[in-house]
Amino acid sequence: MTTVSRALRAREPRTNYADTNQESRRFLRQAGTTLFASVLAVGFVLPLVFMIVTSLKTEQQIAAQSILPQSPTTVVLSAGPFAGGEFEVFAVPLPSGELRSLALVRPGREASTFIDPRDPTTAIEWDGRWRALEPVVVLDPTFSNFGEAWSALDFLIVLRNTGVIAGLGMAATLISSTLVAYGLTRFRVPGKRLILASLLATIIMPGFVTIVPTYAIWLHLDLVGTWWPLIVPHLFGSAFNVFILRQFFLSISRDLDEAAMMDGASPLYTLLTVIVPQAKGPLIAVSLFHFLFAWNDFFGPLVYLAGVRDRQPISVALFEFFGLFDTAIPLVQAGALLSMAIPIAVFLSAQRVFLRSHGHLVGALK
Amino acid sequence: MGGRRSLESREQTRGLAFVAPWLVGFSALFVVPLLLSFAASFTSFELVETDGRSLQWVGLDNWRELVSNDDVLDGVLVTLRFALLYIPVSLLVPLALAYLLTSRNLWAKGLFRATFFVPSIVPLVAAMMVWQFFLNDRSGWLPRLFRSIGIDPPLVLGDPDWVLATLAFISIWGIGTAMMLYIAALDGIPQDLYEAAHLDGAGSWQLFRDITLPMLSPVTLFNLIITLTGLGQYFLVPFVLLGPDGNPEGATDFFTLIFYRETFVFFQAGYGATLAWAMFLVVLAVSALLFWTSKYWVHYEYEERP
Chain A
36 MTTVSRALRA REPRTNYADT NQESRRFLRQ AGTTLFASVL AVGFVLPLVF MIVTSLKTEQ
96 QIAAQSILPQ SPTTVVLSAG PFAGGEFEVF AVPLPSGELR SLALVRPGRE ASTFIDPRDP
156 TTAIEWDGRW RALEPVVVLD PTFSNFGEAW SALDFLIVLR NTGVIAGLGM AATLISSTLV
216 AYGLTRFRVP GKRLILASLL ATIIMPGFVT IVPTYAIWLH LDLVGTWWPL IVPHLFGSAF
276 NVFILRQFFL SISRDLDEAA MMDGASPLYT LLTVIVPQAK GPLIAVSLFH FLFAWNDFFG
336 PLVYLAGVRD RQPISVALFE FFGLFDTAIP LVQAGALLSM AIPIAVFLSA QRVFLRSHGH
396 LVGALK
Chain B
3 MGGRRSLESR EQTRGLAFVA PWLVGFSALF VVPLLLSFAA SFTSFELVET DGRSLQWVGL
63 DNWRELVSND DVLDGVLVTL RFALLYIPVS LLVPLALAYL LTSRNLWAKG LFRATFFVPS
123 IVPLVAAMMV WQFFLNDRSG WLPRLFRSIG IDPPLVLGDP DWVLATLAFI SIWGIGTAMM
183 LYIAALDGIP QDLYEAAHLD GAGSWQLFRD ITLPMLSPVT LFNLIITLTG LGQYFLVPFV
243 LLGPDGNPEG ATDFFTLIFY RETFVFFQAG YGATLAWAMF LVVLAVSALL FWTSKYWVHY
303 EYEERP
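Protein chains in written order, with our numbering: chain A, 36 to 401; chain B, 3 to 308.
Calculated from the structure, these hints are not laboratory results. Here the structure is a predicted model, which is why all the values come from computation and not from measurement. Wrong hints could be hidden among the right ones.
Said to hold, decoys possible - Covered stretches of chain A, as calculated for chain B (at least 3 residues, CB under 8 Å):
no. : stretch
1   : 131-138
2   : 208-215
3   : 271-278
Said to hold, decoys possible - So, partial list: chain B residues that the calculated Cβ filter (under 10 Å) puts toward chain A:
no. : residue
4   : 13
5   : 105
6   : 115
7   : 120
8   : 144
9   : 148
10  : 221
11  : 223
12  : 251
13  : 263
14  : 274
15  : 289
16  : 291
For every residue, glycine included, the Cβ atom is placed at its ideal position computed from N, Cα and C.
Throw the hints in and build the complete structure from the sequences for me.
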């Protein structure tokens, strides 16, 4: 009985005005919120749009001050008295009130001769100053800036340098941070609170605080100008990664690894065969964070690799490139775009990892 | 008893063995350099030795110079003035965006999250190359946008009165992580809290003030720490955008820039170490203050559980 009446009611057309009203109001609210967010989002990434558009311009187009990479149109007339000549096209307001795209064949001060490219045999005399006319423009993007920026940056060498620094640092921090996080979560380590405080301290303290003696030591070892000062510190674990891994290790059950230890497995063996296989997600997250860190790291490479062009990673190479070409606006924007492409691609292809790791971090903060 | 004791000490030894990399690294890369830095602040230490002068003990000279030097005072003031703009921007913008992006009324949430996050993973140097020309008075889009609606914009990067506000504005490109953390935290607030309070007659502002803000407070503390950390290391943006000298007219001569010039341009590393140590003391004091006050405004979930 009830099922039948419900089924019947479901088939009835919706005539309840209060209901549709509510629904359309909800729709409007959603559309409004989304529109508002869209406007903000467009404003937020507008500089990126500016970068892309500008990187497609020539220097002349920059000087012409148009928003888009445009060029004036020209036509080659096929017949008539001006056949074979190439002429610029303008939007000409005719006495009839019509606006037509005409080729300027004979410019004059107060009157000029135009020709409609579709009817090249008829000349049109037009009274007025042609310089006040709007040229007809077409989109005319240039792609040569990327090639130029690529070679000016020595992009392949820069990629190699960044890759070596990021890759070795990543391997180092993955191994050391995993060991430290494991030690902190599975053993009764004396002074654990102090150790956690020391981790936090290195996050809070600016690197400037220790750079003078550290730099002096690397200088003494004659290793300034090499990659070592940028890689070696990661051999000892970095606080942020230890925190992320520690939080994850705390969240996975101890049963499995305790069983393995009971069976006589050594702690290291347990870590490698029981814990690490479960922690693939966080380990990938740590690798990605390190990659982005290394791609972005500036102060270290700036002081340790100043002037050593063939060893500089992307950030410092980009800075020196910027210093050299700071008046070539399209070239600079193309270089910026080149340097952003890889991190953005990495982020877009691994969005989930980023989202999940933020969730983990919030879990750790509570 | 004895066996148990040895088991425990064996566990401690093993634990220490795993934590050892950090203990070594923390000592070698933090504690020892910090102490050496302190020692160096009483010397005439120079990174690159000039005209055969040797390392000399100068007592409190560097510290006296630090206290009496007007440039240093200006650097501190620039940093403080910037902090007044930078801290609110770094906390309120991500909170507001996170609130918007978790709204039930928003379509395509994932797309918006990605859009607002992306600028914070692009290389900061590249971002500055973009901003420099985006704000450029001749060809930049922002001044043109202002002119198209009839406002004549100031030279946002060239006017000492505007430049710090501009830097704070640019810093909204770095809010990605803070926003994502707020989003994760907002998603994690149990809905029944709101429903219960709603039944008790609480309005939306009350819900925000009495439920949302306290539930977000651990993330707010974290974001505040990260913001202050960012402030302590604030160097790249003014350095790349406006050069190493704090242009225009010293309006962006941050403490960090002074430190960089003294240490790596003039090689006065003894004095540089003094500046670094002063920075250490300030950061230490500010963090201590922050953690002490956090007792009063940070709400931890586990306290609520019986």
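Verification of the supplied hints:
1. Closer than 8 Å: that is the beta-carbon criterion, and the stretch 131-138 of chain A has 0 residues meeting it against chain B, so the requirement of 3 is violated.
2. A count of 3 residues in the stretch 208-215 of chain A with a Cβ less than 8 Å from any Cβ of chain B is obtained; the coverage claim is therefore met, three being the minimum.
3. For the stretch 271-278 of chain A, the assignment as covered by chain B holds, since 3 residues bring a beta-carbon within under 8 Å of that chain's beta-carbons and 3 suffice.
4. Hint status for residue 13 (chain B) relative to chain A: holds, with the closest Cβ pair at about 5 Å, below 10 Å.
5. About 6 Å separates the beta-carbon of residue 105 (chain B) from the nearest beta-carbon of chain A, less than 10 Å, and the hint is met.
6. Residue-level restraint check for residue 115 (chain B) holds (minimum Cβ-Cβ distance to chain A is 8 Å; threshold 10 Å).
7. Against a cut-off of 10 Å between C-beta atoms, the interface hint on residue 120 (chain B) holds, since the closest Cβ of chain A lies about 6 Å away.
8. Look at residue 144 (chain B): its Cβ gets to within about 8 Å of chain A, closer than 10 Å, so that hint holds up.
9. Checking residue 148 (chain B) against chain A by beta carbon gives a least distance of about 13 Å; that is not within 10 Å, so the hint is violated.
10. Here the hint on residue 221 (chain B) is kept, as its CB sits about 6 Å from the closest CB of chain A, short of 10 Å.
11. Given the 10 Å rule on beta carbons, the hint for residue 223 (chain B) holds: about 8 Å separates it from the nearest Cβ of chain A.
12. The criterion of a C-beta within 10 Å of any C-beta in chain A is not met by residue 251 (chain B), whose closest approach is roughly 20 Å, and the hint is violated.
13. Checking residue 263 (chain B) against chain A: minimum C-beta separation of about 12 Å lies over 10 Å; hint violated.
14. Given the 10 Å rule on beta carbons, the hint for residue 274 (chain B) holds: about 5 Å separates it from the nearest Cβ of chain A.
15. Residue-level restraint check for residue 289 (chain B) holds (minimum Cβ-Cβ distance to chain A is 5 Å; threshold 10 Å).
16. Nearest Cβ of chain A to the Cβ of residue 291 (chain B): about 12 Å, over the 10 Å cut. The hint is violated.
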